Structures are given as C-alpha cells and as structure tokens.
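Top line first, the protein sequences correspond to chains A and B. Residue numbering for the first sequence follows numbering that gives the first Met the number 0, starting at 0 and increasing by one per position. Residue numbering for the second sequence follows numbering that gives the first Met the number 0, starting at 0 and increasing by one per position.
These are computed hints drawn from the structure, not numbers from a lab. Predicted model only: the values in this text are computed from it and were never measured. Where is the CB? At the ideal position from N, CA and C, for every residue including glycine. Be a bit skeptical, because a hint or two may be false.
Claimed, not checked - Heads up, simulated DSSO-like pairs for lysine-lysine below, C-alpha to C-alpha not over 30 Å straight-line:
hint : chain 1 : residue 1 : chain 2 : residue 2
1    : B       : K207      : B       : K303
2    : B       : K380      : B       : K463
3    : A       : K200      : B       : K373
4    : B       : K445      : A       : K16
5    : B       : K310      : B       : K460
6    : A       : K100      : B       : K399
7    : B       : K310      : A       : K100
8    : A       : K88       : B       : K463
9    : A       : K88       : B       : K312
10   : A       : K140      : A       : K70
11   : B       : K270      : A       : K10
12   : A       : K10       : B       : K293
13   : B       : K373      : A       : K153
14   : A       : K153      : B       : K270
15   : A       : K153      : A       : K219
16   : A       : K153      : B       : K312
17   : A       : K100      : A       : K88
18   : B       : K445      : B       : K310
19   : B       : K303      : A       : K88
20   : A       : K128      : A       : K100
21   : B       : K293      : A       : K219
22   : A       : K10       : B       : K399
23   : A       : K153      : B       : K303
24   : A       : K200      : B       : K341
25   : A       : K153      : B       : K207
26   : B       : K463      : A       : K100
27   : A       : K88       : B       : K207
28   : B       : K399      : B       : K341
29   : A       : K16       : B       : K463
30   : B       : K341      : A       : K100
Claimed, not checked - Not the full set, but computed from the structure, chain A residues with beta-carbon under 10 Å of chain B:
hint : residue
31   : G145
32   : F183
33   : R214
One letter stands for each residue in the lines below.
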Amino acid sequence: MRLLIVEDELKTGNYLKQGLTEAGFQVSLARNGLDGHHLAMTELFDVIILDVMLPDVSGWRILQSLREAKKQTPVLFLSARDSVDDRVKGLELGADDYLIKPFAFSEVLARVRTLLRRGGTQKVEDVLKIADLEMNIPKRKVQRAGQRITLSNKEFSLLELLLRREGEVLPRSLIASQVWDMNFDSDTNVIDVAIRRLRSKVDDDFTVKLIHTVRGMGYKLEAMPNAS
Amino acid sequence: MRVSTRPLSLTMRVLLFVAITIIGCFTFVASLINSSIEHHFLQQDSGELQVITQSVESVLSQPFQSQKQLENALSIAVVGHHGVYYQVNTLEGELVYQSSHNDFTELAMRAKASQGFKKENIITWHTGSKAYRALVSELETSKQHYKIAVAIDMSFHLRFLTQFKQSLWVIMLGSAVLVLLVAWIAIHQGLNPLRGLTQKMLDIQTNKMDVRLDHNNVPVELENMVQSFNVMLDRLQSEFIRLSNFSSDIAHELRTPLTNIITQTQVGLSKSRAVVDYQELLFSNLEELERLTKMVNDMLWLAKTQNGLIKPKQQILQSHDEIASLFDYFDALAEEVGICFKTEGENLRFYCDQLHFRQLLSNLLSNAIRYTPKGASISVKSEKVSADTVCISVVNPGEKIPAEHLPYLFDRFYRPDKSRQKHSDGVGLGLAIVKALAEANDGAIKVYSDEHETCFSVYLKSAKLT
Numbered sequence: 000m001r002l003l004i005v006e007d008e009l010k011t012g013n014y015l016k017q018g019l020t021e022a023g024f025q026v027s028l029a030r031n032g033l034d035g036h037h038l039a040m041t042e043l044f045d046v047i048i049l050d051v052m053l054p055d056v057s058g059w060r061i062l063q064s065l066r067e068a069k070k071q072t073p074v075l076f077l078s079a080r081d082s083v084d085d086r087v088k089g090l091e092l093g094a095d096d097y098l099i100k101p102f103a104f105s106e107v108l109a110r111v112r113t114l115l116r117r118g119g120t121q122k123v124e125d126v127l128k129i130a131d132l133e134m135n136i137p138k139r140k141v142q143r144a145g146q147r148i149t150l151s152n153k154e155f156s157l158l159e160l161l162l163r164r165e166g167e168v169l170p171r172s173l174i175a176s177q178v179w180d181m182n183f184d185s186d187t188n189v190i191d192v193a194i195r196r197l198r199s200k201v202d203d204d205f206t207v208k209l210i211h212t213v214r215g216m217g218y219k220l221e222a223m224p225n226a227s
Numbered sequence: 000m001r002v003s004t005r006p007l008s009l010t011m012r013v014l015l016f017v018a019i020t021i022i023g024c025f026t027f028v029a030s031l032i033n034s035s036i037e038h039h040f041l042q043q044d045s046g047e048l049q050v051i052t053q054s055v056e057s058v059l060s061q062p063f064q065s066q067k068q069l070e071n072a073l074s075i076a077v078v079g080h081h082g083v084y085y086q087v088n089t090l091e092g093e094l095v096y097q098s099s100h101n102d103f104t105e106l107a108m109r110a111k112a113s114q115g116f117k118k119e120n121i122i123t124w125h126t127g128s129k130a131y132r133a134l135v136s137e138l139e140t141s142k143q144h145y146k147i148a149v150a151i152d153m154s155f156h157l158r159f160l161t162q163f164k165q166s167l168w169v170i171m172l173g174s175a176v177l178v179l180l181v182a183w184i185a186i187h188q189g190l191n192p193l194r195g196l197t198q199k200m201l202d203i204q205t206n207k208m209d210v211r212l213d214h215n216n217v218p219v220e221l222e223n224m225v226q227s228f229n230v231m232l233d234r235l236q237s238e239f240i241r242l243s244n245f246s247s248d249i250a251h252e253l254r255t256p257l258t259n260i261i262t263q264t265q266v267g268l269s270k271s272r273a274v275v276d277y278q279e280l281l282f283s284n285l286e287e288l289e290r291l292t293k294m295v296n297d298m299l300w301l302a303k304t305q306n307g308l309i310k311p312k313q314q315i316l317q318s319h320d321e322i323a324s325l326f327d328y329f330d331a332l333a334e335e336v337g338i339c340f341k342t343e344g345e346n347l348r349f350y351c352d353q354l355h356f357r358q359l360l361s362n363l364l365s366n367a368i369r370y371t372p373k374g375a376s377i378s379v380k381s382e383k384v385s386a387d388t389v390c391i392s393v394v395n396p397g398e399k400i401p402a403e404h405l406p407y408l409f410d411r412f413y414r415p416d417k418s419r420q421k422h423s424d425g426v427g428l429g430l431a432i433v434k435a436l437a438e439a440n441d442g443a444i445k446v447y448s449d450e451h452e453t454c455f456s457v458y459l460k461s462a463k464l465t
C-alpha cells in the first residue's frame, strides 16, 4: 500500500512517515506543496495525506487539480484550523476525511485504514474467526475452544469491531463512535472498563490472549502466541 | 442616495416646539390687538357720526325762512370736527347742502338709509384714494323729506393701523428671535451635565473599571440613565474580571502538565536507562499531552460557542431513547463502581442537536458517577415544566455542594474542592461545556443541591407530537 504525505512541518512529517512505515505502508513524504502536487499527479498512491496550510501551494489547490484530472485517490486532510467552513470546503472539494491538529497517531492510522477499506470491495463475512475464537454474527453466537461465551449486546458489537479490524490498533474514540455511536471526546474511562469486562469473558480463562492494550494508543485484537 | 435615519437633534426638537408655540401665541395676540384697535376706531367714529347726524337733524327740524338761512344754519351746525363731511339731499337727489367739495350724492342715494341713528348701518365708502366711514339717514320734517349723509375720513386711521401693524410685526419677530436664542442657550446649558457625563465615561478604561458615575450629582432626568450605565458597567466589569481570571487560569492549568513533561523528560535524559524506563517516560508524557490536547480542544470549542460559531442541528429527540443509549454507554463503568441507573418520568420529545445532547448528558452522568457513593443510584428524570419546555434532570445522591459554590459551578476551571486533584476530575471544563451546549441549543441549565442529593437540570424546547 503506497501513501503520500504532504506536510511542511518537519517533525510532524517525519513522525507520520516513521509511524506509517512501521505500520507496514510504503510512504513517500513531500515537504512542500509543489513537490506534493507533482508526486500526486504523476505517481499512483492508495491514500494521500494532505496538510491544508502549506507555504507554497495549498492543500486545497492540490486536491482541486487532482480531482480535475479525474484522479479519485482518497485524500485525508490535516488541518490546524477547525472551522465548519473549512471542513465543508474540504469535503466539497472532494476530500474523503478530515483530521484536526492536534490528532492522535492512532487516529490517523485508523482513518487511513478506513479509507483503504472503502476503496476495495469489502467482504462481509457472517462467521469471523481468530485462533480458537469463532463468532457467528447472524446467530449472535460466540465460542472459544468449543465453549460458548455469553456476551451482552454491546460486548458483542465491541468484539465484532475488534475482529473485523483484526491486527489494527483502534483508538478509544473510534470504539466509542462505532459501538455506542458517541461521537465526541469523553474524558471517562468507559471504553477501558468495557474492554476489561470483555477481556474477562474472552481471554481470562485461556492461555492465548487475543485482546491487547497498546499503551497510549488503544486496543487491538491479535493472536500472538508468545504474548504475555 | 443614503437617507440618514438619525432622529432630529434634541436642540432642534425643542427649538421647533418653541418656535411653533411662539408663532401661535404672537399671531393670536397680534390679531387680538388689531381687532380691538379697529373696534375702538369704529366706536369712536360711530360716536362722532351720531353726534353730527343729530346736529344736522336738529337744524333741519327747525323752521327756516330761506334756503340761504338753512345753509348757514347747517354750515355752523357742526363745529370742531376735523375730516368730517356732511351733505343733505332731498329724497329725489336734489342737493340741499354740502359741507365740502366732496360730492357724496351718488353714494348717498345708493345707500340704504336708516331712520335715526343705527350702528349697524355704518358703511364704508371709497372715493379715489380716500376711504370714509359714512352714515346715511332719512329725516321727514313737516316740509320736506331729507336724506342726510355724514362721512368721516378714515385715511388717518388706516395709515395709523398700517404703521401699527408694521411695528407690531417687527416687535414680534424680534421677540421671537430673542426667545429662540434664549431657548437655544437654555438647552445648551441644560445639556451641560450630559457633556460632563460624556467626559467621565470617556475616562473609563479597562484598568479603571471600578469608576462609577455619581447618580446623586446629576439632574433628576439623567438619574435613570446614569444608574443603567452603572449597572451595565457592573456587568461588564464582572465579565471582564472573569475573562482576565480565565486567561490566568489557562496559563496556570497549562503550567502544571508542562512542568511535568519537562521535568520527567529532563530527568529521564540525564543518564542512560533501560528501555522499559524510556517507554514509561514516553507513556507518562503522552498522558500529560493528551490532557493538554483535550484542554485545548475544549477551550477552542467553548470559544466557538461564545462567538456563535456552533450551529446546532434542529433535531427532534425522544428523551427515553437518548437516556437509554447513554446508560448503555456508561453501563460497564457504573457496574464497576457499583452504581445503578434509573429512568424516571415520561418519554418526551424535544429539540436539540443529538450529538450535543449526548455530550451534555455524558458530561453530567460522568460527573454524577464521580460523586455518587457506592451502591446508590443515579436517576435521569424527564418532565414537562411548561407548554413548550421540557426538563431533563440528572439526580444523584451525595454530599451537598455548598451554596456559595453553586453560582460558579459552570465557570471554566472552577473546582469547588480545591484539594481534589485534576486527574480524576478531567480538565475542569465539563460543566462549562454542558452550559455552553445547553445554551447553544436555546436551552438553560440549573443546579440544585441539598443534604441528600444534587440535581442538574437541563431545560430544552419541547417538540409537538406529530
């Protein structure tokens, strides 16, 4: 998967590149609008991460010429300005998503993955499996190593989300929004508690742990045989 | 062309009123004087006319021998009257006697004659450039039937009247101008206290906001204005103090996490350590940074609501649905700390942006969970308080919030319990955001607290059933 980052801020660009490279993407970084514009128009990327405020060519200008050239590459905007007008303008110009600085890296990662998924044909499977855990969505049944696990509605949705995004780090805000439809930042530890309870049902009685805490970022579901 | 909508100046208004009144009064007085003088002249003239008519009549009534004798008698009948002319004709128009060269025969024959003296028969004649007041009467003696015409020259009166009118107008015009001038000076003087006030108001600066205008020192008409101005200043001052406290609060709130980050990073870097220590350090930094981020975001959000940049969607919500979904969200947390949730009241429909309402209720619930003792229950009540207002209240048992804290609970960074530390309390903006959210949706927020429970109530616009 090839990503293009257009970001003039030195540190932000470097760390975004490092983080996304370590997450398994092939990342090109352009330090100014002109280079970014050139790269975006000549090479093929799966997602473009675009800073709005660049010293030479604005992110909006790049997006505009990209769309005028009929290139439908998904674009994720980064901006330090958070006004409704800006947001509307970005989306009208054809941006696919919008992140306000300061943002969490886990959020960038999650949004990029969402954009990538949107492009491809998504297969909605009825039965999800990982290691010895099996989840039957239509029958609302969860089994681990043949044992039936009883989950509440929300726990079921939470596990489904983790399973469908297997291996991805999911930030708390994304979990709150996807499972509970709470689309705002909350300073409560509701998600931590919910994960803890889910864990006690799914992981506690088994040696192989599936739900992992990624400190400072969020949670992920992964079968790591050697994990503690 | 742009039409100015500024109302007429106060000076102009008063002067206009004074001018209209003066012109009215003077016109009335002038016409009164005029008509009484005219009346006086008429009176005088009619008296003279009567006397002369009577003298002529008495001469005519006496027997006389010849025409000559009659003429003599008539010529001496009227003595000591100037500008008085009389003549006697027969009824057929034949001239009997004429006191001057002015011939009134034609006029006299045309005029209606009266028997004896009658005031209403006095008439005015104009011959050439002269005007006369005249009386024509008939007299029947044993020998003849006479027509007597007596005329008084009124040119003198008319000239006097014209002159009098002229000077009257000049005097009146002069006095009108004088009165207006005095009125203008009076207004100018009268507005002096206002200019004084303006000067005092100009002196009020942000660093001298405790200056108040003395309402005992101004004319009684301005007292209300001065009091209102002082009330406005009070409000502005308290808002200003709040704002400046707020800026210093922000600085203070930022200082603590920044100190933590700098200190722990410097200590961490001061010698080489195990990887685990570095990870711990970074994680600890991250925690502080996330707090800072949250604070900055919340602050920006609050600033936006104050500038009216948040435009809520007008959505119709069902109270029980929203409460249920929030209970769902907080369920795990509540169970963990041993608290139950209860829904009370009717399922009401009201207007509010769904995202805003959820955030609002979420802040109130997390606040309630923080202060509710273990094993107790938090209830969320929906009530209809009036035809177009619903009230959603979050009630939790717990310690009383002292009354002196209540007015400030919704202020930014206000913590009633100074010792309670921030990590458990968020950044101290939760309730400020609740208030801003309620107000952005045309609602209001109230708090009540007694020994047993604390209740936060949100008032929102009720939606009609469709």
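Going down the list of hints, with the structure as the test:
1. B/K207 - B/K303: holds (29 Å)
2. B/K380 - B/K463: Holds: B/K380 and B/K463 sit about 19 Å apart, inside 30 Å.
3. A/K200 - B/K373: holds (24 Å)
4. B/K445 - A/K16: violated (49 Å)
5. B/K310 - B/K460: Answer holds: B/K310 to B/K460 is near 16 Å, not above 30 Å.
6. A/K100 - B/K399: Roughly 40 Å separates the two Cα atoms, so the pair is violated.
7. B/K310 - A/K100: Status holds; Cα separation ~21 Å.
8. A/K88 - B/K463: Violated, because 35 Å separates the two Cα atoms, which is more than 30 Å.
9. A/K88 - B/K312: It holds: about 19 Å lies between the C-alpha atoms, which stays within 30 Å.
10. A/K140 - A/K70: With Cα atoms ~43 Å apart, A/K140 and A/K70 exceed 30 Å; violated.
11. B/K270 - A/K10: holds (24 Å)
12. A/K10 - B/K293: Given pair A/K10, B/K293 holds - Cα atoms ~21 Å apart, limit 30 Å.
13. B/K373 - A/K153: Given that 30 Å is the threshold and the Cα spacing comes to 24 Å, the pair holds.
14. A/K153 - B/K270: Not OK: A/K153 and B/K270 at ~47 Å, beyond 30 Å, violated.
15. A/K153 - A/K219: holds (17 Å)
16. A/K153 - B/K312: Answer holds: A/K153 to B/K312 is near 27 Å, not above 30 Å.
17. A/K100 - A/K88: holds (17 Å)
18. B/K445 - B/K310: Roughly 22 Å separates the two Cα atoms, so the pair holds.
19. B/K303 - A/K88: holds (18 Å)
20. A/K128 - A/K100: Distance of about 36 Å is beyond 30 Å: violated.
21. B/K293 - A/K219: Satisfied, since the Cα-Cα distance of roughly 23 Å is no more than 30 Å.
22. A/K10 - B/K399: It is violated: about 49 Å lies between the C-alpha atoms, which goes past 30 Å.
23. A/K153 - B/K303: violated (34 Å)
24. A/K200 - B/K341: holds (26 Å)
25. A/K153 - B/K207: Distance of about 59 Å is beyond 30 Å: violated.
26. B/K463 - A/K100: With Cα atoms ~41 Å apart, B/K463 and A/K100 exceed 30 Å; violated.
27. A/K88 - B/K207: With a Cα-Cα distance of about 44 Å, the restraint between A/K88 and B/K207 is violated, given a limit of 30 Å.
28. B/K399 - B/K341: Given pair B/K399, B/K341 holds - Cα atoms ~21 Å apart, limit 30 Å.
29. A/K16 - B/K463: Violated - the C-alpha atoms of B/K463 and A/K16 are around 54 Å apart, more than 30 Å.
30. B/K341 - A/K100: violated (39 Å)
31. G145: A/G145 check fails; min Cβ-Cβ to chain B is 27 Å, beyond 10 Å.
32. F183: holds (4 Å)
33. R214: The hint holds - A/R214 has a Cβ within 10 Å of chain B, the shortest such distance being about 5 Å.
The structure fails to meet hints 4, 6, 8, 10, 14, 20, 22, 23, 25, 26, 27, 29, 30 and 31 from the earlier list, while all remaining hints are met.
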